[in-house]
Amino acid sequence: MRTLFDCRCSEYGGGLYPRDDNAMQAVDACVDANLLRKRPLRIPHLSEPQIARHYTELSKRNYGVDDGFYPLGSCTMKYNPKLNEDTARLPGFAGLHPHAPATMSQGALQVLCDLSEYLKGITGMPGVSLQPVAGAHGELTGMFLLKKHFERAGQPLRKRILLPDSAHGTNPASAAVAGFSVTQIPSNNAGMVDLDGLRAELDETVAGIMLTVPNTLGIFEERILEVTQLVHDAGALCYFDGANLNAFLGKARPGDMGADIFHFNLHKTLSTPHGGGGPGAGPIAVSEILMPYLPIPRVVQEGDRYDLVWEAADSIGSMHAFYGNFLVAVKALTYLLQLGDEGLREVGENAVLNANYLQAALKDAYTLPYNGLCKHEFVLSGKDLAEGVSTLDVAKRLIDYGIHPPTIYFPLIVREAIMIEPTETEGKETLDRFIDAMQSIAREAATSPELLHEAPRNAPVRRLDQTRAAKEPILTHPFSEET
Amino acid sequence: MRYIPNTMQDQQEMLASIGVSDLEALFRDIPQEIRARFRPIGLEPQSEMEVAETVRSMADRNEAAARVSFLGGGIYDHYVPSIVTHLLSRSEFYTAYTPYQPEISQGTLTAMFEFQTLVCELTGMEIANASMYDGSTALAEAVLMAVRLRKQSRIAVAASLFTQVTRVLETYCWAADIEIVELPYDERGYTILEDLPADISAVALQTPNAFGIVEPLSGIKERIGDALLIVSANPLSLALLEPPASFGADIVVAEGQPLGLSMGFGGPLLGLFATRKAYMRQMPGRMAGRTIDAEANVGYTMAAQTREQHIRRERATSNICTNAALCALAATIYMASAGAQGLRHVAALNLARAHHLADRLTALDGFDLAFGGGFFNEFVLRIPGRAEAVHSALEGAGFLVETPSALRAYGLEDCLRFAVTEKRTQEEMDRVEEIVGGVR
Chain A
3 MRTLFDCRCS EYGGGLYPRD DNAMQAVDAC VDANLLRKRP LRIPHLSEPQ IARHYTELSK
63 RNYGVDDGFY PLGSCTMKYN PKLNEDTARL PGFAGLHPHA PATMSQGALQ VLCDLSEYLK
123 GITGMPGVSL QPVAGAHGEL TGMFLLKKHF ERAGQPLRKR ILLPDSAHGT NPASAAVAGF
183 SVTQIPSNNA GMVDLDGLRA ELDETVAGIM LTVPNTLGIF EERILEVTQL VHDAGALCYF
243 DGANLNAFLG KARPGDMGAD IFHFNLHKTL STPHGGGGPG AGPIAVSEIL MPYLPIPRVV
303 QEGDRYDLVW EAADSIGSMH AFYGNFLVAV KALTYLLQLG DEGLREVGEN AVLNANYLQA
363 ALKDAYTLPY NGLCKHEFVL SGKDLAEGVS TLDVAKRLID YGIHPPTIYF PLIVREAIMI
423 EPTETEGKET LDRFIDAMQS IAREAATSPE LLHEAPRNAP VRRLDQTRAA KEPILTHPFS
483 EET
Chain B
-6 MRYIPNTMQD QQEMLASIGV SDLEALFRDI PQEIRARFRP IGLEPQSEME VAETVRSMAD
54 RNEAAARVSF LGGGIYDHYV PSIVTHLLSR SEFYTAYTPY QPEISQGTLT AMFEFQTLVC
114 ELTGMEIANA SMYDGSTALA EAVLMAVRLR KQSRIAVAAS LFTQVTRVLE TYCWAADIEI
174 VELPYDERGY TILEDLPADI SAVALQTPNA FGIVEPLSGI KERIGDALLI VSANPLSLAL
234 LEPPASFGAD IVVAEGQPLG LSMGFGGPLL GLFATRKAYM RQMPGRMAGR TIDAEANVGY
294 TMAAQTREQH IRRERATSNI CTNAALCALA ATIYMASAGA QGLRHVAALN LARAHHLADR
354 LTALDGFDLA FGGGFFNEFV LRIPGRAEAV HSALEGAGFL VETPSALRAY GLEDCLRFAV
414 TEKRTQEEMD RVEEIVGGVR
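Heads up: the protein sequence lines correspond to chains A and B, in order.
Per this note's numbering, residue 3 is the first one in the first sequence, and the count goes up by one each step.
Per this note's numbering, residue -6 is the first one in the second sequence, and the count goes up by one each step.
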């Protein structure tokens, strides 16, 4: 595929901005000559039709939720309502400067305030910050809160974070960036936290545990109250990774399970788009004990007026230049207002119904390592497919069927893992097509494995050489090779 | 619910095939004690039509969005070409996930590769990642990377960074036990490097800095010894200015909002991050790389992933995962639309208009530039005794300008800061001069 740099240049005719023949003279007059750029930028001049064609062509080589089924486990690739896109582009939001006076930004502050209140309601937790701009950023914020809490509590030796072996990779990374060391605790045969393993690790050096509820196997920790109780009894706190919130929306609240920190992924649960890797938003909710440490600024409401508060003696400080991904918050609020409580409940119910339906239909063709009720997602294993066929092959073959592959090789505790999350925005018709495709691929694995090994054939490119990209990275357009 | 396709009939059939009686049975694994405590949030569902109106009325309450803005400080009121918004609206881009399956993510990956190339062009650096959350977190990550490389838990940072950037940096450094030594500025607005502390991992500067002043980077690298030189730059200014790499910068970061992103009340933004090839293994964030497929066709995939959290876990170079891919795409399309000369032209318009306004205002009695250094598209005026009055007069007339108290955070008294972009017209500037001149 051509890049922008391979396109044939047009003659530069300007036209994007008003002509001003004096502007360059002003540059020469106002800036010291040795500060001025010597080598011209190597950015081609393309006409607008060329730009439109190039990026439209690129878009056709992508696959989004609007293109078809996207059962990426733990990513909650639900449909992104179109109204969200429109409200976030309203000039009153998009054209608002973050330093605009609060008195003239009341609508934006109301968005932040209203969304915060709804997120408190969903979690049953009293404090919320919308500042974190991604799930991992929410985790980091949460880890900073823990650090501050134990600093203030005079327990600086609490330096360890416990993590189940099924945790997302961001969890240990976030803990490490905040200066904690990570101790892994094993899962039991049912895929849940091993309580004895947990007890053995809990001591006065533990700051907290990071749990994903339901966990990354899609299993609800049935003894979650005992887990959080044990942690609290040991003087540590409970972090809940909210990536899997879709599983219990409208049914249960993390605040009632013993969570001290909970992060949302607005780009998962609350329908804001992933954008090919962001921008997301990772607001956090916290229990009473951590509220003093929340980031600044904070949005407050007095009567029908809203304001920002910058003074908070115990705050960890700021996690983002301004108020987080505000336009993403607008989208999430737009979605929530349409759903209401009734919609939230239907989301949770259908997400779980869809996952269990798929699990029941696929457990014979593939191996199901943890058999039982799942929540919004479940994990299969491709380890018992025909000799020489891997989960990667299954994933690539799904592309030929016009379906985005599930998450693969995660969680790490399942060999050849295939992690499937259908979300509530898929109907039975789509799920049945997926079941047919997966069963058909399992048969192909035995009868004609080359179809899997050679997949994808029905994609913009054939299987890509990732090793080459890792070993000899070419990260920018190689201008120098041109004549 | 309009976003849920399953019918009641579907649900019944699915429940039967699962082997449970009703939906409630699917939640029996959540302890009853937890279920019993559940409370709804008290929100009635509304139709799309009603919600569209409710949210629009909130947007309408943001009067500031309709005012003429001279606000800057890192976020600027630039023109966003129509084509940027239109192409970003292609759902193949915005509804896609992170490109973990490269064969059906070539659009996102190719654009990442273009973006990385463009960032390297602007900054002069050898490699760039595919984006960070914003300019402030990009700087914080740059500092963490410098400390990993140089192993000294102290850094020197210019006092003339934007306050919102310093605030974030302070948070990250507190958590990582990194000491920040502040470097003062002189009467020209330049950072003073005379009393550089020993044993530092990095020196971090911003250009143009919070006063709009272009920092003369020449000679700094030679004076800071082993420490890395981190430069936070306004990317639009780099269309005109010699790139930081030419002065020996080791890491260049930037807030990418001036490259075709709306202000959006400060988010989402776009962090740019570029460095030397030699430091690639320590770089945070995602990168796209060029490779070939099974038929030797050129394609793109994620590169150097062994630095990242999903593989390296607690030993990753950063915890960053989701970043600002769509914002990076916006910046890519923006730069492609403008081309080299278009970028140079719009940067020149910014500079020329800012200098024009500064000339007009400093011609007034009692109005002086606070600093003697050269500036790009914003400047600080010192107006002894009248800064508050001038600010109120402008705000009353519908013009937004940074408050004097915001500048007090830098230790500046009686000052106002004006940012002037290509969008500000002669008429608007005439009017500002008139209002300001009338304040006694």
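Hints may contain errors.
[Said to hold, decoys possible] Taking lysine-lysine pairs in the DSBU-like style, the calculated list, with each CA pair at most 30 Å apart, reads:
#1 K416(B) with K473(A)
#2 K214(B) with K62(A)
#3 K40(A) with K144(B)
#4 K40(A) with K416(B)
#5 K214(B) with K144(B)
#6 K473(A) with K270(B)
[As the list claims (entries may be wrong)] Derived Cβ-Cβ restraints for the label pairs, each shown as a range:
#7 A315(A) with T156(B): 46 to 54 Å
#8 K161(A) with E288(B): 49 to 57 Å
#9 G218(B) with K62(A): 24 to 32 Å
[Said to hold, decoys possible] Stretch by stretch, here's where chain B covers chain A in the computed footprint (C-beta under 8 Å, at least three residues):
#10 381 to 390
#11 398 to 412
Note that these hints are calculated values from the structure, not bench results.
C-beta atoms are modelled at their ideal positions from N, C-alpha and C, and glycine is treated no differently.
Hints and how they fare:
Distance restraint check for K416(B) and K473(A): the Cα-Cα separation of roughly 46 Å exceeds the 30 Å cut-off, and the hinted pair is therefore not satisfied. About 45 Å separates the Cα atoms of K214(B) and K62(A), which puts this hinted pair outside 30 Å; it is violated. Note on K40(A) and K144(B): the hinted pairing is violated, with a Cα-Cα distance of about 35 Å set against a maximum of 30 Å. With a CA separation close to 27 Å, the supplied pair K40(A) and K416(B) stays within the 30 Å bound.
For the given pair, K214(B) sits about 18 Å from K144(B) by alpha-carbon distance, which is consistent with the 30 Å threshold. With a CA separation close to 14 Å, the supplied pair K473(A) and K270(B) stays within the 30 Å bound. The beta-carbon spacing between A315(A) and T156(B), approximately 18 Å, falls outside the hinted interval of 46 to 54 Å. Checked against the given bound of 49 to 57 Å, the beta carbons of K161(A) and E288(B), roughly 52 Å apart, stay inside it.
Between G218(B) and K62(A) the C-beta distance comes to about 51 Å, which lies outside the given range of 24 to 32 Å. Counting residues of the stretch 381 to 390 of chain A whose C-beta sits closer than 8 Å to any C-beta of chain B gives 0, which falls short of three, so the coverage hint is violated. Counting residues of the stretch 398 to 412 of chain A whose beta-carbon sits less than 8 Å from any beta-carbon of chain B gives 6, enough to reach three: the coverage restraint holds.
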